[in-house]
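Enquirer: Below, each chain spelled out in residue letters.
2 protein chains.
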Amino acid sequence: MSAKVIDGVTIAATVRAEIEAEVRRLKAERGITPGLATVLVGDDPASATYVRNKRRACAEVGINSFGYELPVTATQDDLLCLLAELSARPDVHGILVQLPLPSHIDARRVLGAIPLHKDVDGFHPVNLGLLGVRGAQVPFAPCTPQACIELLERSGAQISGRRAVVLGRSTIVGLPVALMLLARDATVTICHSKTPNVAQVTRNADILIAAIGRPRFVTADMVKPDAVVIDVGINRVNDPGNPRGFRLVGDVDFDEVQEVAAAITPVPGGVGPMTIAMLLRNTLRAATNQHAGSA
Amino acid sequence: MSAKVIDGVTIAATVRAEIEAEVRRLKAERGITPGLATVLVGDDPASATYVRNKRRACAEVGINSFGYELPVTATQDDLLCLLAELSARPDVHGILVQLPLPSHIDARRVLGAIPLHKDVDGFHPVNLGLLGVRGAQVPFAPCTPQACIELLERSGAQISGRRAVVLGRSTIVGLPVALMLLARDATVTICHSKTPNVAQVTRNADILIAAIGRPRFVTADMVKPDAVVIDVGINRVNDPGNPRGFRLVGDVDFDEVQEVAAAITPVPGGVGPMTIAMLLRNTLRAATNQHAGSA
Chain A
132 MSAKVIDGVT
142 IAATVRAEIE
152 AEVRRLKAER
162 GITPGLATVL
172 VGDDPASATY
182 VRNKRRACAE
192 VGINSFGYEL
202 PVTATQDDLL
212 CLLAELSARP
222 DVHGILVQLP
232 LPSHIDARRV
242 LGAIPLHKDV
252 DGFHPVNLGL
262 LGVRGAQVPF
272 APCTPQACIE
282 LLERSGAQIS
292 GRRAVVLGRS
302 TIVGLPVALM
312 LLARDATVTI
322 CHSKTPNVAQ
332 VTRNADILIA
342 AIGRPRFVTA
352 DMVKPDAVVI
362 DVGINRVNDP
372 GNPRGFRLVG
382 DVDFDEVQEV
392 AAAITPVPGG
402 VGPMTIAMLL
412 RNTLRAATNQ
422 HAGSA
Chain B
132 MSAKVIDGVT
142 IAATVRAEIE
152 AEVRRLKAER
162 GITPGLATVL
172 VGDDPASATY
182 VRNKRRACAE
192 VGINSFGYEL
202 PVTATQDDLL
212 CLLAELSARP
222 DVHGILVQLP
232 LPSHIDARRV
242 LGAIPLHKDV
252 DGFHPVNLGL
262 LGVRGAQVPF
272 APCTPQACIE
282 LLERSGAQIS
292 GRRAVVLGRS
302 TIVGLPVALM
312 LLARDATVTI
322 CHSKTPNVAQ
332 VTRNADILIA
342 AIGRPRFVTA
352 DMVKPDAVVI
362 DVGINRVNDP
372 GNPRGFRLVG
382 DVDFDEVQEV
392 AAAITPVPGG
402 VGPMTIAMLL
412 RNTLRAATNQ
422 HAGSA
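Those protein sequence lines, which keep their order, are chains A and B.
With the numbering used here as the guide, the letters of the first sequence map in order to residues 132 to 426.
With the numbering used here as the guide, the letters of the second sequence map in order to residues 132 to 426.
Next comes chain A alone, as it looks inside the complex:
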């Protein structure tokens, strides 16, 4: 039997429509337009595409976006200076620094310099620590992990009491999504590159989150029948038949795994569109919070 495909495009469209309505109301009733500043350092084409897509998505729901581009030679101080300026601007409610940063820049230092109330990417270390705490008020959950959770919840998957296995322990995806699943009462296992015999672990997963950046790493034999599989990977593989010379595949072998799983997200069209929707929602919330009481 073939798995239900969790359609990130359609679910994200629903979320974006909710956001658009809320942005319109915020403008009409209080004269506030949410604003997002995007900061891109260097000229990595994939990063440039991500930023462009995010800014386009802002425009579509009525959120202002302010694009900043620094050359790859920019120093850490240049970047911190820009962040200080953006932190002070009242029309910028959210600040997004596109990762990865060039290696001469300390990403943790930079992310820690974004004030918590404008950290719409949710990468501040304080956020990470609070994610695993039930009942804690996390200013902003990071977008990709939150996208995984929303896709699970909106597609009707139960989290509480289930066994979740997360492949990958990055602070961007693997670790925060593991903490968020834990806070929702899943029993969570985190696997990574040093995990021997990973298939033996993943075969116990009712919920499997793949976030390791290895194309089609998860094969059918690694998946428990009727598991729900969320594929965070976005990998380019050569494809001479494609005009661009490549195509995008996830960390999961979709064709194989959909024969085993109960539900699965495709790549593209799964976590990706939902991640952008979460960024929009965080930016909207940041604007609402920053103007609280000024109505």
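Because the hints were derived from the structure by calculation, they are not lab data.
Quick look at which bits of chain A chain B covers, simulated, 3 or more residues with Cβ under 8 Å:
1) 289-302
2) 325-337
Derived lysine-lysine pairs resembling DSS-like cross-links, with alpha carbons at most 25 Å apart:
3) K355/B <-> K135/B
4) K355/A <-> K325/B
5) K355/B <-> K325/B
6) K355/B <-> K355/A
7) K325/A <-> K355/A
8) K135/A <-> K355/A
9) K325/A <-> K355/B
All of these numbers come straight from a predicted model, not from anything done at the bench.
Note that the Cβ used here is the ideal one computed from N, Cα and C, for glycine as well.
Following the hints, position chain B against chain A.
Expert: Relative to the frame of chain A, chain B by itself:
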């Protein structure tokens, strides 16, 4: 075959001797005496005992301790006020607020008010977030989780590549120790009260950490042969034969489990003494850091 007993008293004595020598040198060479302020709110006898033991341990290695006791009626503002005073005092290098706090006080708010450089208990949310990040500089690792790691390392247990299962997800022990094991390349699973069929999970553990506060919860059938078992629990059980009317037992059924495990910590005499040694070490480090450059 009976397990090796990991003797926390002896290992802690070694660590304390190291600390004592370092404190003596710090005094002789630079005239600095490390200082720890302990803050106890209310009159819970167990908490009072813990604080007394910590202060006695300070005295034994030459660390000054300053005891503060607030009545159970103290307000959160009273406590924040005291913390502000202690934060400013140059002779107080570390601040320890004994948990649990009375329910009318927001513990997270209070712990977040201890400046990071004096947070020798390592409970600040920033610390928690950084623990799972490989290579991150955590100002102070929380004492009990660090005690578990030190007992594993000093007793020769391998962590990297092994499967670790943590029972309990408190921000005081379970969650931070899980993150610390992850940062050391274990494959980590976190179980809790909502985990069904927990024995099935624990039987896969090469390293089993029990931190759930349920007397003798872990029985022999839950333990993989040759696992290393660290017992964080300290539970009072009635014991009419004991002059105090109770005795202390861990979360692990020691007698049963030692027949299965390769190594196991006893209660008392395992994690407890090591936890205090970690507090002393954090206080010494805090003093050294705060006087860096003033030599």
